[in-house]
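Visitor: Keeping their order, the protein sequence lines are chains A and U. Each residue of the first sequence is one higher than the one before, starting from 1 at the first, in the working numbering. Each residue of the second sequence is one higher than the one before, starting from 1 at the first, in the working numbering.
These aren't lab readings, by the way, just hints derived from the structure by calculation. If you're wondering where the values come from, they're calculated on a predicted model, not measured in any experiment. Hints are supplied without guarantee of correctness; some may be wrong.
[Stated by the list, open to error] Chain U side only, calculated, beta carbon under 8 Å to chain A, not exhaustive:
#1 I27
#2 W127
#3 W205
#4 G228
Where is the CB? At the ideal position from N, CA and C, for every residue including glycine.
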Amino acid sequence: MDSRRIVNSIATITTAVAAFAVVGVLVIILSYISYQGVSSLSWQFLVETPKPVGEGGGIGNAIVGSLIMLGLASLLGVPIGVAVGTYLSEMGDGWFGTTVRFVADTLIGVPSIVFGVFIYALVVLQQGYFSTLAGSLALALIMIPIITRTTEEMTKLVPKTMREGALALGAPQWRVTLDIVLPAALSGIATGVMLAVARVLGETAPLLFTAFGSRFYNIYLDEPMASLTVQIYNYAISPFDEWHDKAWAATMVLVGMILLINITMRYVTRKRY
Amino acid sequence: MNTAARSKFLSGDTFFRLALASCASLILLIVIGMVVVMTNNSWLSIKEFGIGFLYGTTWDPIKGQFGALPFIYGTIVSALLAVLIATPLSIAVAIFFVEQAPKSIARPMAFLVELLAAIPSVVYGLWAIFVLAPFLREYVYPPLQTYLGWLPFFSGSATGLGMLTGGIILAIMITPIITAVVRDVLEAVPMTQREAALALGATDWEKTRIVLANASSGIAGAVILGLGRAIGETMAITMVIGNRPQISASLFEPGYTIASVIANEFTEATGELYISALVEMCLILFVVTFVVNAFAKLLILSVGNKNTAAG
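Required output: the full structure, derived from the provided sequences and hints.
Guide: What follows is the structure, encoded as C-alpha cells:
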C-alpha cells in the first residue's frame, strides 16, 4: 500500500515538473525576446528600410511586405479553405470527401519549405524573377489545408436540428448552408482563419526563394518583396552585433503580433462558448 | 420526365455541390501537381544519379557530384534525437493536464503550451543561436564529455553548433505538438475506464497507466506526427546544426539536414543539375513527410474509432 502511494506521488511530481518546465521554456523565450528587443525598438526602426551596418535602418518595408503578402494569401486561401471545409462538413461523407479530408490533414504536416520549392518551380522559374505574387501563392497553399480543417470542425458544431428545421421549411441545401450553417459557424471560422494567418505570418522558409526579400518599400506584385521573417533571418545570421540587436527587435514585433492574434482569438471564443 | 431531369440538373443544389466539390478537388490537384512539378524539375538529377543519389556521400556542386546520404543521415539523427527527448516530456505534460491537474490549473497552462507552438521557427532559431547554444556549450556539454566522453556520441570538441543542439531545439519545437495530440487522445478514452479503475481502489497513477495502455496507438501516432514535423523543420535547425555535410558518430559535430541544404543553397545554386538535385531532395522530403503524416493520422484515427465502437 505504502509503496503504491510513493510511486503515485513520484509520478504526480514528475508530470508536474515536466509541465512547469515546458511552460518555463515559453516564459524564458518570451522574456528574453522582450529584454533584448526593447532596447533597439524605436519609431525609426519601425518605419525605416534596412541600411548598411552602423547607419541604423529598420524593418518598415518588411512589416508592409509581410502584411501585403498575408493579405494576398488570405484573398486566395480563405475562400478556398472555407469552401473545402464546408464541403467536407456538409456533404463530405463519401469516398471523395474522406480522401480529401485525409489529404488535407496530411498536407498540414508537410514542411513549408516544400511549398516554397513547388512555387519556385511553378512560378519563379517560368517568370524568371522572384516576386510578391510567388510568395503570396506559397503562403496561400500553406493556409488552405489549415483553414479547411478548422472550418470543417466549426461547421460541424452547428446543431443538426437547425439544418433539419430549414430543410423542413422547404429551403434547398445551398440556402441552408449559406444562410443558416455558415452564419452560425462564422465566429468559429473567423477564429480558424486568424490562427492560420498567425501561423503564416511566422513562415520564413517558403518565402526564401519565392518573395526572396528586398531592401526597399515595394507594392508591386512582380518584384521581390521583403518580409519580417526573412529580414529577421538575414539579421540573425549576419556577423554584426548591431544587426543581431535588430533581429531581436524585429522578433519582438513579429512575436507580439502573433501572440496578440492567438490570445485575442482564444479570448473571443472562450466568451462565446 | 425530361424537363424534370433538366431542372434537377440546373438546380441550385447541383450547382452548389459541384462548385464546392471542385474546390475540394483542388486539394488533390495540389498534391498531384506538387509531385509532377517536382519530379519534372528533378528529372535531370534522377536520370544522372538514379538510386545512387540516396547513398552517395559526395556533395560537390563544382564537380557536379550530388549524393544525399549525409543530409538524409543528418535529418534522421536530428529528428530521432528530438523525438527521443520530446516524447517522454510531452506524454508527462499531457498526463498532468488531463489526468492530474485540476482544470483551473490545467487550462491556462495548456494554453501557454499551445502558444509555444505558435512561435515561428525563425524565432526559435534566433534564440537557439544566441541563448541555447552558448548555454549548452558552457554548462551541459562539458560534463557530458567528462562523464560520457568514452562513448562515440560524445567524443570530440563541442562548439555548441552541431547535431545535438539541433536535436534539442527541434525537441522544444515539437513538444507542444505532441502534447496537444496526446491530450486529445487521452481525453478520447472513455471516462468509465477511469471510474472503473478508481472504484477498484487504483491510485491515480495506476488509473493513468490503464488510460495510457488504452491510448497507446494514439500516442504512437502523436509521436510519429512529431517525427514528421522534426524531419521537415527548416529555419531553426538550419541556424544551429552547423551545416556541414558529413556523417559523424559524435553528436557534437556539425551536420546538415535535407531541409537546411534546400534553404541554404537553393537561391545560390547555379547550373541545372545543381538545382535539379536540390529539387530532388525536396521531393524526397515531401514524400517522406507525407507518408509519415498519413501513417500518424491513421494511428490517431484508430483510437477514436475503437472508442466509438466500444460505446
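Visitor: Confirm or reject each hint.
Guide: Status of each hint after checking the structure:
1. I27: holds, 5 Å
2. W127: Interface hint status for W127(U): holds (6 Å vs cutoff 8 Å).
3. W205: holds, 4 Å
4. G228: holds, 5 Å
Checked against the numbered hints listed earlier, the structure breaks none of them; every hint is satisfied.
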